[in-house]
Amino acid sequence: MARPLRIEYENACYHITSRGNERKPIYLEEKDYYKFLDILSQLPQRFGVIIHGYVLMANHYHLLLETPLTNMAKTIHYLNATYSGYFNRKYGRVGHLFQGRYKGILIDKNQYLLAVSRYIHLNPLKSKLSDRPEDYLYSSYSSYIGIRKTDSWLTTEWVLGQFSDDLVNAHAGYQAFVEEGLAKEDNPLKDLKAGFILGGDDFVDKVKNRVGLIRHREIPQSKDLCVTRTYEEILTMVSVMFGVGKEEILIPGERNNFARKVSIYLLRKYTHLKNMEIAQGFGVGYTAVSQVSLRLRKEMEENPSLKSVVQGLEGQLSE
Numbered sequence: 001m002a003r004p005l006r007i008e009y010e011n012a013c014y015h016i017t018s019r020g021n022e023r024k025p026i027y028l029e030e031k032d033y034y035k036f037l038d039i040l041s042q043l044p045q046r047f048g049v050i051i052h053g054y055v056l057m058a059n060h061y062h063l064l065l066e067t068p069l070t071n072m073a074k075t076i077h078y079l080n081a082t083y084s085g086y087f088n089r090k091y092g093r094v095g096h097l098f099q100g101r102y103k104g105i106l107i108d109k110n111q112y113l114l115a116v117s118r119y120i121h122l123n124p125l126k127s128k129l130s131d132r133p134e135d136y137l138y139s140s141y142s143s144y145i146g147i148r149k150t151d152s153w154l155t156t157e158w159v160l161g162q163f164s165d166d167l168v169n170a171h172a173g174y175q176a177f178v179e180e181g182l183a184k185e186d187n188p189l190k191d192l193k194a195g196f197i198l199g200g201d202d203f204v205d206k207v208k209n210r211v212g213l214i215r216h217r218e219i220p221q222s223k224d225l226c227v228t229r230t231y232e233e234i235l236t237m238v239s240v241m242f243g244v245g246k247e248e249i250l251i252p253g254e255r256n257n258f259a260r261k262v263s264i265y266l267l268r269k270y271t272h273l274k275n276m277e278i279a280q281g282f283g284v285g286y287t288a289v290s291q292v293s294l295r296l297r298k299e300m301e302e303n304p305s306l307k308s309v310v311q312g313l314e315g316q317l318s319e
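Each residue of the sequence shown is one higher than the one before, counting from 1 in UniProt numbering.
FYI, nobody ran anything at the bench for these hints, they're computed from the structure. Ideal placement from N, C-alpha and C gives every residue a C-beta, glycine not left out. Among the hints, erroneous ones may be present.
Computed beta-carbon distance windows for the label pairs [stated by the list, open to error]: (1) LYS307 / LYS128: 55 to 61 Å; (2) GLY161 / PRO25: 34 to 40 Å; (3) SER152 / ASN21: 30 to 36 Å; (4) ASP135 / ARG297: 51 to 57 Å.
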């Protein structure tokens, strides 16, 4: 199974979640919550990150994090590893406390940070841990509405500034905004693109251009961001490049072997067709589709001419 894609760049904004292994609790008593918050409070000074909000649930946490530096993974690794060490020593246990890798959703700050902030602050109510968001102790919500002093390591200015320059009015505006969410099923994460990006089309394009996602075929989540082509387009391009008919490419056998391999490779990379669908067109088993793609990659490493041909086709497909 492919590992979740991690995108890092300066001033990126994320919604981070990390769950307990086997969904077990990661805090067993009140002191554990406060120990986690103590470690969390170190992150802005240690890594230069901006913490826009947090909610600690029994078996997972939510964190809104902005990274002026390109260091999201390093920051979360420190947080999880340091807290895991504390937890394991305290309770005499060994092994992973958190379930696999954390999930980091890249957020368009201007379009979605407000909505995600409301979403995480309402989490305790949806899980029936509290009747009102301000009554839940392990959350940044009380700081946002002015009933608790804001910790120096928590940044509320950007979110509150969307409501008013006057702090009292901003607190009231944010509280009203969150309470509006109680009356409706509002989950901004339903708008996720490719499983890890929350933003409009312009934001997705900027991310794609920044990190070159078109080339990340090995990560299934990124396929939604790739330029996609039709079956017919790819067969036509390959037939022209190799000087053979499209029908000939589909015939199994040694003849036109490279054209067949390249077609299968490109169909897998630049269409939304499943392996079984590609296999049916070429008269092979569905497992052969992956095998052909892997073999072609190796052949391209050993054959510069073949690599040049394939890269030329990919250049056309990416236009």
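Hint check for LYS128 and LYS307 - Cβ pair distance inside 55 to 61 Å: 58 Å, holds
Given a hinted range of 30 to 36 Å, is it respected by the beta-carbon distance of SER152 and ASN21? 32 Å, holds
Falls inside 34 to 40 Å, the C-beta gap from GLY161 to PRO25? 36 Å, holds
CB-CB spacing for ARG297 and ASP135 relative to the 51 to 57 Å hint: Taking Cβ atoms as reference, ASP135 and ARG297 lie about 56 Å apart, which means the hint holds.
Hint check: no violations occur; every hint is consistent with the structure.
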